[in-house]
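There are 2 protein chains.
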Amino acid sequence: MPSETGTATPLDPENLDALAELGQQLRVDSVRATDAAGSGHATSSMSAADLVAVLFARHLHYDFDAPDLATNDRFVLSKGHASPVLYAAFKAAGAVSDAELLTFRKEDSRLDGHPTPRIPWVDVATGSLGQGLPVGVGLALTARDLDRTDSRVWVLCGDSEIAEGSVWEAAEAAGALHLDRLTAIIDVNRLGQRGPTRHGHDLDSYARRFRAFGWHTIEIDGHDVHEIDAAYREAESTRGEPTVILARTIKGQGVRAAADHEGLHGKPLKDPEGAIAELGGVRDIRVSVQKPKDSAGQRNPAPAPLDLPRWDKGGDEVATRDAFGKALTALGTARRDVVVLDGEVGDSTRAEFFSKEHPERYFEMYIAEQQMVGAAVGMAARGWRPFAASFAAFLTRAHDFIRMAAVSQVSLALCGSHSGVAIGEDGPSQMGVEDLAMMRAVHGSTVLYPADANAAAHLTAAMADIEGISYLRTTRGANAVVYGPDEEFPVGGSKTLRSSSEDRLTVVAAGQTLHEALAAADRLAAEGVAVRVVDLYSVKPVDRETLWKAAEETGCLLTVEDHHPEGGIGDAVASAFDDGRPAPRLVRLAVRNMPGSATPAQSLAAAGIDADAITASVRMLVN
Amino acid sequence: MPSETGTATPLDPENLDALAELGQQLRVDSVRATDAAGSGHATSSMSAADLVAVLFARHLHYDFDAPDLATNDRFVLSKGHASPVLYAAFKAAGAVSDAELLTFRKEDSRLDGHPTPRIPWVDVATGSLGQGLPVGVGLALTARDLDRTDSRVWVLCGDSEIAEGSVWEAAEAAGALHLDRLTAIIDVNRLGQRGPTRHGHDLDSYARRFRAFGWHTIEIDGHDVHEIDAAYREAESTRGEPTVILARTIKGQGVRAAADHEGLHGKPLKDPEGAIAELGGVRDIRVSVQKPKDSAGQRNPAPAPLDLPRWDKGGDEVATRDAFGKALTALGTARRDVVVLDGEVGDSTRAEFFSKEHPERYFEMYIAEQQMVGAAVGMAARGWRPFAASFAAFLTRAHDFIRMAAVSQVSLALCGSHSGVAIGEDGPSQMGVEDLAMMRAVHGSTVLYPADANAAAHLTAAMADIEGISYLRTTRGANAVVYGPDEEFPVGGSKTLRSSSEDRLTVVAAGQTLHEALAAADRLAAEGVAVRVVDLYSVKPVDRETLWKAAEETGCLLTVEDHHPEGGIGDAVASAFDDGRPAPRLVRLAVRNMPGSATPAQSLAAAGIDADAITASVRMLVN
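Chains as they are written, first to last, in UniProt numbering: chain X, 1 to 623; chain U, 1 to 623.
Don't read these hints as lab results, they were simulated from the structure.
Among the hints, a few may not be true.
[What the hints assert, rightly or not] Calculated lysine to aspartate or glutamate pairs in the EDC-like style (CA-CA distance at most 16 Å, straight line):
hint, chain 1, residue 1, chain 2, residue 2
1, X, K313, X, D465
2, X, K267, U, D347
3, U, K267, X, D347
[To be verified] Sample of chain X residues lacking proximity to chain U, with all beta carbon distances greater than 10 Å (derived):
hint, residue
4, N15
5, R58
6, H61
7, D229
8, P485
9, D522
10, E566
11, D571
This one's a predicted model, so the numbers in the text were calculated from it and none came from an experiment.
By construction, the Cβ of each residue, glycine as well, lies at the ideal position given by its N, Cα and C atoms.
Turn these sequences into a full structure, and let the hints guide you.
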């Protein structure tokens, strides 16, 4: 068994043949880790072992004692199921012990089935295939355009995952942006989970595609350490284009009973002892990973005072998307760590305002929302504060990336504009009426939905300091300014805009519907019916205290939302009453129809969420 | 103004020069429609007008009186914002009147801002870019492999949308599947919404990419009707490969003040009268679209009796995913209209079972969930009953396609396997804990979550008759069979598995947590605490009646779900109490931690949703 105490054999990185031995060690340790776990992807690790061995021994520059160094290279294991080979490499590098290696997939071990940033040398979680390369684009953009270091980004992909469209969004972005510090290594082992991949060992079918997207391509035998080393050197010296190395490999390489066999995906080997013997037994070769050469300069100077835009209460109507764009621009002046990405709709989301003032921190990602969020995740993983914006409806494209961003434990601000049926004429394809459900269900997320310009500005600024995934929902059309510019909007709070001791019911609204609720309340007041109005600008976390108080004082809560009835404001309000005390009377108005094109007012009326609908519902409920 | 009553000029389709006149008419009518609407995409329509004119006049085979004919060609306007040119073409074809054309984007008009199947000649809704080609793949597969007709599929794309990864998923699928009846026409007008596209008028940059994916490519001047016609003929005669026609066009073509100008996206022209004059004035050319030549044979014979698999109550433990796979296979035998798609995880979802029995109706879509759902939408639009399966976690990749499938008004069954933290060792990247929130918020959706094999089998069969988008959530691990094989599971129902007049609380669970709830109830019964247990197998619609009864009889409901607290079972149960009556005491247990790898039992315990956690919560709530 390998020693833990200094008797390891140091690798001579100049001796290429010794690298083959290291590859075998990574295989052996992958077999051992999956055997100890009783599950895991042994054969997928064995195909990649030589690729990883040569990378760690001779090409990666990384200080395991200082993973946050901007000058470190970045390694992303996009085929996250091959985690055993990564953990085996960490062991070879002296970063984890052999004992820890054998905790793989066990409770409380940081060596999860798929890598997560619970491990300090893992920048982003992988395991949902096709995400490593888009995130790698973000890391490479960060290195070149933000951190401005010479560090390289290495992404090891499987061949099955190349079918994901997100890979081609990344291929397009990296090629067009000339990210020559980015290298994709594709472990073409021919076998997916279920059987053969579409292209088998036809390396050129992949190469043709990447070349068409502006990549430099290299085809090699992925088990020949000399070819691997030469390919990495060629990638390092290639200028102006990202490089993809297409490595022909064998799944289960090194063990006859497993090599190139179908039906062994995601399983430990059946005869681990025999496999280890066939692989030459347990070794304890130690790799000295090279440290980065340069040190990066100081970045992100202390923030300057924030000079948010201000609007007069009761002044001209303003769209919250406009307020977002202006506040974001001001935030970018105060905070040099704020960066903005948009999916070719910056003129609509108003992220474009930021681009005029801070072009060096604005990234046009074109209509590729997965790549947009993937790039933002890469930037966030390196400590920048990205804001990524699109239509609320189209952020659904990036749902899996957003979900995984939470697993990656990054802090990322998203903005979805054009929410709800209130956009009117463009019709249902453009209406975000599912976004609150999507964003509330993200682990640790914060969901904000301002009703006016001042609220939007303050909440935009707040997002730069929120941990985890935060979401701002904005509205296309202009609405009244109902708050003064110095009003504060704490996350988790709400605003009670109409209130009296005579209130017979509370209308809980947010964003667009707040204005409908205020109009209804005024109309009802004229009829002698007092109703409370709460602006639920923080949809998650939700202001339980105010909602309980309203429930106790008015007995009935009517929620009104420009969103489907599921997962949005109605559900959020109901969730405030889950502490075991009897809940109040709850009624909800939401978008239950399939909207068509119409004016915004007609659309709100057709969905039954306008002032008329609220008024009618209140009349019914109080009588 | 054009006549409505037969004075239209019939087009001589042999006179190619007359097609240029038709193109001008489509431009004029696009200008008129957007002017009447006060919004809409005039310039995006004008770039595409000649492409549409030649297609309708000389190449499309379509019977406007019988849109459901299997032998009809299919035309998908992927750049759905150019709807005016489509509606103008419908008018030229005599399908809509000039008066209706001018109802564009108005309330109650079927001529929505982006096309939807409210129009009988529109198969699928478009407007979320990058979806037309994946759906076109589904339509082409339907024509070739299911309906077995010679009909062609024409998809008109914008150039901006080519940045979407979903387009490359479609390029990959169509190339690999040799869909030579599919033609993509790309209207390369150089300008996106916000400004220039990445590739401008560099047609070859697109052609290189498509060629690498196995497409035949043709580059043309998209305003030269002779070149367009020749390209369509070349596409029609190309065998073994899909064809992409890259058409160099000018946004706003034909009107000097608009042509190739930035900043005019999505707007009517400023001087419509001048523009119409410059375009040669209003015309009323009438196109006689060719009818399809062949008639298709009868398809989908009457269903045979359904012989569902059966499991003995209390027998061996069975995974609901296994039951799904077996039931789906039996369903495929009884119903010849059932087709199945999977994203290269059929061995896990068990969709693979179907492939063994019915390979001619099984479609392996590889790891490309957007294409998988897009293809299913195309098949559903043609009247087939697709079931598409992947891990619950990875269906989030297709969120936007699922959302749009609802707008397309298709009936589509989705199955998400490996739900929840109960999968254990694989860790958070593979755990679907947001899927219920996503699926509940889809318009008109049905969300089902069986706890045992018999429930899974019955609900799988039921999905073949559910209108709209339905979703079945399955579990990886085996669980007890708690129902007999003849039990019925109506959609919208629930099962009360433990009940007495002494019940002090109701535990509402589903799927994995039902088994935890039953274990807790048995343990509590031994302590003298009677609790009711409800199996909420129908999460949407939810069984309000049973939940109200439980609330009235037991006073308190405790929901337990292997899902995040937002948007799932807790929210669904709370929504049952939104009718204005005072709601009961509600408490929810859900996955609030960020899970790591561990055994399934440890994972359920760590999330606080196992029998221990339920027992402890009940003890606290009843004391």
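Results of checking the hints against the structure:
In summary, the hint linking X/K313 to X/D465 is not supported, as the alpha carbons are separated by about 26 Å, beyond the 16 Å threshold. A C-alpha spacing of about 13 Å is found between X/K267 and U/D347, which places the hinted pair at or below 16 Å, so the restraint holds. Simply put, U/K267 and X/D347 have alpha-carbon atoms about 13 Å apart, close enough for the 16 Å limit, and the pair holds. With a cut of 10 Å on Cβ distances, X/N15 stays outside the contact zone with chain U, its closest approach being about 36 Å.
The Cβ of X/R58 lies farther than 10 Å from every Cβ of chain U, with a closest approach of about 30 Å, so its non-interface assignment holds. The Cβ of X/H61 sits about 27 Å from the closest Cβ of chain U, beyond the 10 Å cut-off, so the non-interface label holds. With a minimum CB-CB distance of about 28 Å to chain U, X/D229 clears the 10 Å threshold, and the non-interface call stands. Consistency note on X/P485: stated as away from chain U, and its beta-carbon is indeed over 10 Å from all of that chain's, at 29 Å minimum.
For X/D522, the requirement that its beta carbon stay farther than 10 Å from each beta carbon of chain U is met, with the minimum near 23 Å. The non-interface label for X/E566 is inconsistent with chain U: the shortest C-beta to C-beta separation is roughly 4 Å, within 10 Å. Against the 10 Å criterion, X/D571 falls within the reach of chain U, whose nearest CB is about 4 Å from its own CB.
Comparing the model with each numbered hint stated earlier shows that hints 1, 10 and 11 do not hold.
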